[in-house]
Every structure is written in C-alpha cells, then in structure tokens.
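A.B. asks: Chain residues, written in single-letter form:
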Amino acid sequence: MEPFDFIEIKVPAKSDYVGVVRLSTSGVANRMGFNYEDIEDLKVAISEAMTNAVTHAYDDAEDGEVTVGFGVYTDRLEVMVADHGGSFDLGKVKADIGPYEQSEPIENLREGGFGLFLIDALMDKVEITSDHGVIVLMTKFLQENKVGLDDDQISTTQ
Amino acid sequence: MNLDINVVDKESVAVVALAGEIDAFTAPKLKEALLPLTKQAGNIVEVNLENVSYMDSTGLGVFVSALKSTKENNSELKLVQLQDRVLRLFEITGLTDIINIDSTVRGGS
Chain A
1 MEPFDFIEIK VPAKSDYVGV VRLSTSGVAN RMGFNYEDIE DLKVAISEAM TNAVTHAYDD
61 AEDGEVTVGF GVYTDRLEVM VADHGGSFDL GKVKADIGPY EQSEPIENLR EGGFGLFLID
121 ALMDKVEITS DHGVIVLMTK FLQENKVGLD DDQISTTQ
Chain B
1 MNLDINVVDK ESVAVVALAG EIDAFTAPKL KEALLPLTKQ AGNIVEVNLE NVSYMDSTGL
61 GVFVSALKST KENNSELKLV QLQDRVLRLF EITGLTDIIN IDSTVRGGS
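The listed protein sequences correspond, in order, to chains A and B.
With the first letter of the first sequence counted as 1, position 6 gets the number 6 in full-length UniProt numbering; the numbers rise by one all the way through.
With the first letter of the second sequence counted as 1, position 20 gets the number 20 in full-length UniProt numbering; the numbers rise by one all the way through.
Just so you know, these hints were derived from the structure itself, not from any lab.
Backbone N, C-alpha and C fix where the C-beta goes; we use that ideal spot for every residue, glycine too.
Careful: at least some of the hints might be erroneous.
Said to hold, decoys possible - Beta-carbon label-pair distances, calculated as ranges:
(1) Arg76/A / Ser65/B: 18 to 24 Å
(2) Asn6/B / Ala121/A: 30 to 36 Å
(3) Asp120/A / Asn100/B: 25 to 31 Å
(4) Ser130/A / Asn73/B: 19 to 25 Å
What the hints assert, rightly or not - Among the chain A residues that face chain B by a calculated CB cut under 10 Å, a handful are:
(5) Phe6
(6) Ile7
(7) Lys10
(8) Val20
(9) Glu37
(10) Lys43
(11) Met50
(12) Thr51
(13) Tyr73
(14) Phe114
(15) Leu116
(16) Leu118
(17) Lys125
(18) Val126
(19) Thr129
(20) Gly133
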C-alpha cells in the first residue's frame, strides 16, 4: 500500500463544529502545499459534507459524532467524512465504497440542495457509501507547478 | 468563525451588511434577520457581502429562500460587493441567473 499520513478528527455532530473542521482542513491543505484557490475549494467541500452529516445523521440522537479523516499522500489529499461516529480503517472503508451516482437514492444528502453538487464540482473525485451511516470520500490532487524552469514567460489570465 | 449582521432599515430600502463566515452554524441567524425584511411589500433588501470571507451552500439556501419570499411579497433582493470566492459559488450553481447580483464592485482585494 502507498504510504500516507493519516489524521483523524472526531467532533460532536453539531453545526458549531463545522468551522473547526474547516480550519483543520485549511491547516492540513496548507501544509501539503495546496494553492489558495484549492484550499478554498477544500474548505467548502468538506464543510458541505460536515453540514450533511450534522443535519441528517443524528435526527434522533443528540450525542452523535462525526469523524473526519485526512489521508495525506504525496500527490493528493483524501478526506473522509463519516456520520456513524466510530473510528474507521482507511483501507477497509475504501474497499466498501462505490462511485457516486447521480441516481443514488441517498435521501438525506439530496436534501442538502446544492451541498453535494458543490462537493462534486469542487473535488476531483467523490465517492459515497451509506451501508453503515453515510461516508463521503473526497479526493483533491495537488496541482503540479504549471510554470517550468525552462519557461521564459508566465501567461496570466484576466 | 462567526457572522455579524448589521441591518439599517430605512424607508423602502433595507441595507444588510454582513461580516464573517456563512455556514451551517451562522446561516440560521442570517435567515432570521433577512426573511422578515423581504416580507415588507415594496421593500428593497440590499445585502452587502464585502466582508464575507467564507460562504457555502447553507448561505446559498438562505438567499434562495429570501428570493422566494421577495417573489411572494412583492419585494426585491439585491446582493452587492461579493468577494470572488463567494461569487464563484453563485456562478457554479447557476444562481447568478435568478438572483440580482451586482458584482461590478467586488469586495475584498
């Protein structure tokens, strides 16, 4: 298996903590060298997943937890947001997960309106499983430096 | 990680100046402040987002319900001075087509 660092954060399933997870995301992504735009994309995408988990996961129980896992690879960041509250094994969860299909009947996520749509638009890869609570697995790749050493000019877009 | 809401409600024009972050935690507070303003017929509700540094779909949801309310109550909603990142979310979701957004003067710098 490809080596990676793993960071896990567990927070109460309350909207109060969406901002805390967002700041953590920003810290991890910044450490990895993501550019400003990508960090902002990651912040929105992970907040959306957190919001879904917080809004729909614990309608009956007030003491639920949301687990957020960051898989830090050399070329990408994988983020998992799970609303079952338990710890999880990254490899095991990935084996259980399927690609996100528009037709998938995950009622709770649909209700988020633009949430899942934004996750899909802002991340490079999104997978969702709902067998044991809902788990969203999102991937964003580090952009290679687009200006090579040999380039004699930098093009800018207005 | 909070949102300050400052409402100046003059005759027929309400200016709502926001500062901070709009997310699942702060959106309910924003909705509570914004919706009553849209319920006054003929009112123009101008929301200034110059100092909103972060927003996600919870914010989009609030503005969509405010827009619906303006249609029902014959009032008007206008968003001004959005930062590029915030404006981008309205563009991605296609909401720039249905919400009156004045982005000629951008917020942030």
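A.B. asks: Indicate, hint by hint, whether the structure satisfies it.
C.D. replies: Taking the hints in turn, this is what the structure says about them:
no.: 1; hint: Arg76/A / Ser65/B: 18 to 24 Å; result: violated, 36 Å
no.: 2; hint: Asn6/B / Ala121/A: 30 to 36 Å; result: holds, 32 Å
no.: 3; hint: Asp120/A / Asn100/B: 25 to 31 Å; result: holds, 27 Å
no.: 4; hint: Ser130/A / Asn73/B: 19 to 25 Å; result: violated, 39 Å
no.: 5; hint: Phe6; result: violated, 25 Å
no.: 6; hint: Ile7; result: violated, 20 Å
no.: 7; hint: Lys10; result: violated, 18 Å
no.: 8; hint: Val20; result: holds, 8 Å
no.: 9; hint: Glu37; result: holds, 8 Å
no.: 10; hint: Lys43; result: holds, 7 Å
no.: 11; hint: Met50; result: holds, 7 Å
no.: 12; hint: Thr51; result: holds, 4 Å
no.: 13; hint: Tyr73; result: violated, 25 Å
no.: 14; hint: Phe114; result: holds, 4 Å
no.: 15; hint: Leu116; result: holds, 9 Å
no.: 16; hint: Leu118; result: holds, 6 Å
no.: 17; hint: Lys125; result: violated, 17 Å
no.: 18; hint: Val126; result: violated, 15 Å
no.: 19; hint: Thr129; result: violated, 21 Å
no.: 20; hint: Gly133; result: violated, 18 Å
Hint compliance for this structure: hints 1, 4, 5, 6, 7, 13, 17, 18, 19 and 20 are not met, and every other hint is.
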